[in-house]
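Here the protein sequences line up with chains S and R, keeping their order. Quick note on UniProt numbering: the first sequence kicks off at 1 and runs consecutively. Quick note on UniProt numbering: the second sequence kicks off at 1 and runs consecutively.
The set of hints was computed from the structure by calculation and includes no laboratory data. Glycine residues also receive a C-beta, built at the ideal position from the N, C-alpha and C atoms. Take these hints with a grain of salt, some might be off.
[What the hints assert, rightly or not] Taking lysine to any residue pairs in the SDA-like style, the calculated list, with each CA pair at most 20 Å apart, reads: (1) R:Lys-168 <-> S:Ile-210; (2) R:Lys-168 <-> S:Lys-169; (3) S:Lys-169 <-> S:Ala-54; (4) R:Lys-123 <-> R:Arg-108; (5) R:Lys-168 <-> S:Val-44; (6) R:Lys-168 <-> S:Met-87; (7) R:Lys-135 <-> R:Asp-38; (8) S:Lys-169 <-> S:Gln-189; (9) R:Lys-168 <-> S:Gln-189; (10) R:Lys-168 <-> S:Met-208; (11) S:Lys-109 <-> R:Ile-72; (12) R:Lys-168 <-> S:Val-36; (13) R:Lys-168 <-> R:Ser-151.
[As the list claims (entries may be wrong)] Here are the in silico distance ranges between beta carbons for each label pair: (14) R:Thr-146 <-> S:Ser-64: 50 to 60 Å; (15) R:Gly-160 <-> S:Ile-29: 47 to 57 Å; (16) S:Gln-60 <-> R:Leu-46: 34 to 44 Å.
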Amino acid sequence: MSTGNEVMHDGVMSTGEDARIFPDVEACIDCGGCVVSCKRTWDVPRDEQRISIATMLEGQEAASGLNASSGRAMEQSESPGETAVPMQCYHCSNAPCVSVCPTDSLISKENGFVRVRDDLCIGCQYCLSACPFGAPQFPDEDEGVANLVGSGGNMDKCTMCEERQDVGKGPACAEECATDAILVGTPEQISDELDNRDSGTFFNDVAMDIIFGEDASEFQ
Amino acid sequence: MSNLDHGKFTRVTTLFHSLLGLDVFLLFFTGYAIMFNDELWWMLTLMGGASGVTAIHRITGIGLVALVVFWITLQVISSTGRSNFAKILPAKDDVDAFIQDIQFVLGRVDERHPSARQFAGYKADEVPLLSYIGKGVVFIFSIELTLLAISGLLIWSKTGLAAMFQTKAAAMAFVTFHGLLGVIMLMGVMFHIFEHGMHPAFYPVETKAFIPRSMVPEHHGDDDEEPDTTGIERLSLSPSWRTVSTVFGAMTVIGIVSVLIGSIFDEGYPVPREIAIGGGPSSILLTVGINLGMVVLGVGLVLSMYGNVLRIRWEQQLEQEREPTTAADGGEPQTDGGQPESDDTEN
């Protein structure tokens with residue numbers, strides 16, 4: 001479902017089926033607004049977060065002339081300097097977590113969302129080992145049977161606010177982001193927006209193939 | 001002593017075999033309910049759902065580690081253990097027997113090596129009690145169980161493993177190794193159940209793994225002289241053997257093949273989608289086949305329990321046949337064909 005650009009925040013270009021979520025690392029200022037909005041929207045427990053901001057090379061300057069262009073620096077195999085990356089579930093096209101889940105608890109839905117089926121999850125944490133983005137969380141690992149046998153408890157992760165998208169709203173993190181550092185839309189829309197901003201993708205080809213599958217070519 | 005009803009294991013070994021079997025069966029049932037969750041949905045539900053099945057798997061995993069540690073300790077500290085271990089070490093005869101068996105299969109030689117002629121009517125002084133096949137079973141299962149226990153402990157906490165090896169790929173590699181080794185062992189256990197349950201001379205269960213050698217007489221004759229034969233000529237084939245062994249053999253083959261195909265075609269654990277050659281939803285045939293494999297395991301579990309029942313019956317029979325050396329009143333024991341005295345207060 002797409003509800004058109006005119007009613008949406010700048011970073012949220014379209015929602016619903018085939019919508020993807022991807023960070024613009026040049027725009028992220030590590031304010032934590034996305035973390036707060038996600039926690040507030042979904043009542044995420046204190047010690048868990050479905051989105052986090054990973055700060056890389058903290059306090060370091062990028063290679064000459066690339067201090068404000070982390071993505072370009074990465075493309076040129078230069079140091080990007082301090083970079084803040086909003087990390088969450090990117091609902092990958094080739095989701096490794098879905099591939100390794102032994103109980104089919106994780107599924108790639110036809111509309112593009114990667115969903116956890118709580119009743120099937122056994123807390124084995126294989127998805128945690130497989131996900132390159134650290135998306136899977138295990139908030140129940142100290143409760144009940146999980147505590148007794150040392151398993152992970154039910155897995156929890158970013159849902160990309162599927163329920164909000166179903167009614168035409170963008171994910172809470174993206175709607176709330178003051179600098180529009182979290183982009184939501186089709187791969188083409190996200191690629192165009194990054195080009196307009198002269199921002200790179202930051203992630204390498206392997207990660208882009210995992211996230212976007214065949215649509216990764218949109219970003220080349 | 002004949003090779004037909006020989007007891008070649010000690011009491012501790014037979015008890016250990018039963019405990020190990022019970023523990024490994026539980027590990028199989030839980031592990032495969034996780035792995036083939038599509039095909040074995042009913043088993044997953046029966047064992048307490050998703051969280052129950054992983055709890056049972058991990059607790060029985062600890063049981064396996066305890067049994068392995070106990071067994072290794074026993075082998076080291078007891079003289080019986082050390083001498084038994086020496087007996088199962090591969091020797092030149094085993095290599096010769098293996099080579100000759102291969103040649104026999106290929107039609108290059110007329111007969112099997114004497115060391116491989118167990119159960120063929122030979123006596124113990126003609127053919128060793130332990131062939132290279134028996135030694136192979138012990139070593140293969142020992143190595144598999146040790147590797148499964150080590151890899152299982154390592155992947156208990158994936159975050160711990162990743163922290164230890166500093167890479168998620170290491171965690172997934174151990175997971176894949178654990179799963180594939182489990183599939184290989186499952187196939188071996190299915191065949192183990194078939195070969196020891198459906199042997200025509202011992203059907204429905206070969207008792208040597210349940211009745212310790214201390215309880216098996218040297219021979220069954222009425223006099224003290226060594227008999228000329230093993231007694232194989234006095235055995236009669238059970239009327240149901242042909243049908244049951246055929247059906248059970250078919251189930252074993254279908255189960256083994258289905259588990260193997262399922263592990264290759266089912267995307268996900270232990271073969272990730274990227275390297276699975278099949279993928280997609282499980283077929284009805286695969287579901288039936290894998291469930292047949294679980295039935296074979298179930299029969300193995302029942303036979304294991306039945307083996308212990310036979311041991312108890314055997315003990316009772318020995319007790320009844322034991323003639324007291326002294327009657328309760330201090331007189332001579334009754335030996336005139338009547339029932340032996342059961343009063344053994346002075347024994």
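Query raised in the report: Is the hinted pair Lys-168 (chain R) and Val-44 (chain S) satisfied, with a Cα-Cα distance of at most 20 Å?
Result: violated, 26 Å
Requested in this report: State, for the Cβ atoms of Gln-60 (chain S) and Leu-46 (chain R), whether the hinted interval 34 to 44 Å holds or is violated.
Outcome: Roughly 56 Å apart at Cβ, these two residues miss the hinted range, so it is violated.
Query raised in the report: Does Gln-189 (chain S) lie within 20 Å of Lys-169 (chain S) when you go C-alpha to C-alpha?
Result: holds, 17 Å
Query raised in the report: Regarding the pair Lys-168 (chain R) and Val-36 (chain S), is the alpha-carbon distance no greater than 20 Å?
Result: violated, 29 Å
Query raised in the report: Within 20 Å, alpha carbon to alpha carbon, are Lys-109 (chain S) and Ile-72 (chain R)?
Result: violated, 50 Å
Query raised in the report: Are the Cα positions of Lys-168 (chain R) and Ser-151 (chain R) separated by 20 Å at most?
Result: holds, 15 Å
Query raised in the report: Would the pair Lys-168 (chain R) and Gln-189 (chain S) pass a check requiring their Cα atoms to be no farther apart than 20 Å?
Result: violated, 32 Å
Query raised in the report: Given the hinted pair Lys-168 (chain R) and Lys-169 (chain S), is their alpha-carbon gap at most 20 Å?
Result: violated, 35 Å
Query raised in the report: Taking only the CA atoms, is the gap from Lys-168 (chain R) to Met-208 (chain S) under or equal to 20 Å?
Result: holds, 19 Å
Query - Lys-135 (chain R) paired with Asp-38 (chain R) [C-alpha distance capped at 20 Å] - result: Violated: Lys-135 (chain R) and Asp-38 (chain R) sit about 37 Å apart, past 20 Å.
Query raised in the report: For the pair Thr-146 (chain R) and Ser-64 (chain S), does the Cβ-Cβ distance stay inside 50 to 60 Å?
Result: holds, 56 Å
Query - Pair hint outcome, Lys-168 (chain R) versus Ile-210 (chain S) [Cα-Cα no greater than 20 Å] - result: Distance ~16 Å between Lys-168 (chain R) and Ile-210 (chain S) Cα, so the pair holds.
Checked against the numbered hints listed earlier, the structure breaks hints 2, 3, 4, 5, 7, 9, 11, 12, 15, 16; every other hint is satisfied.
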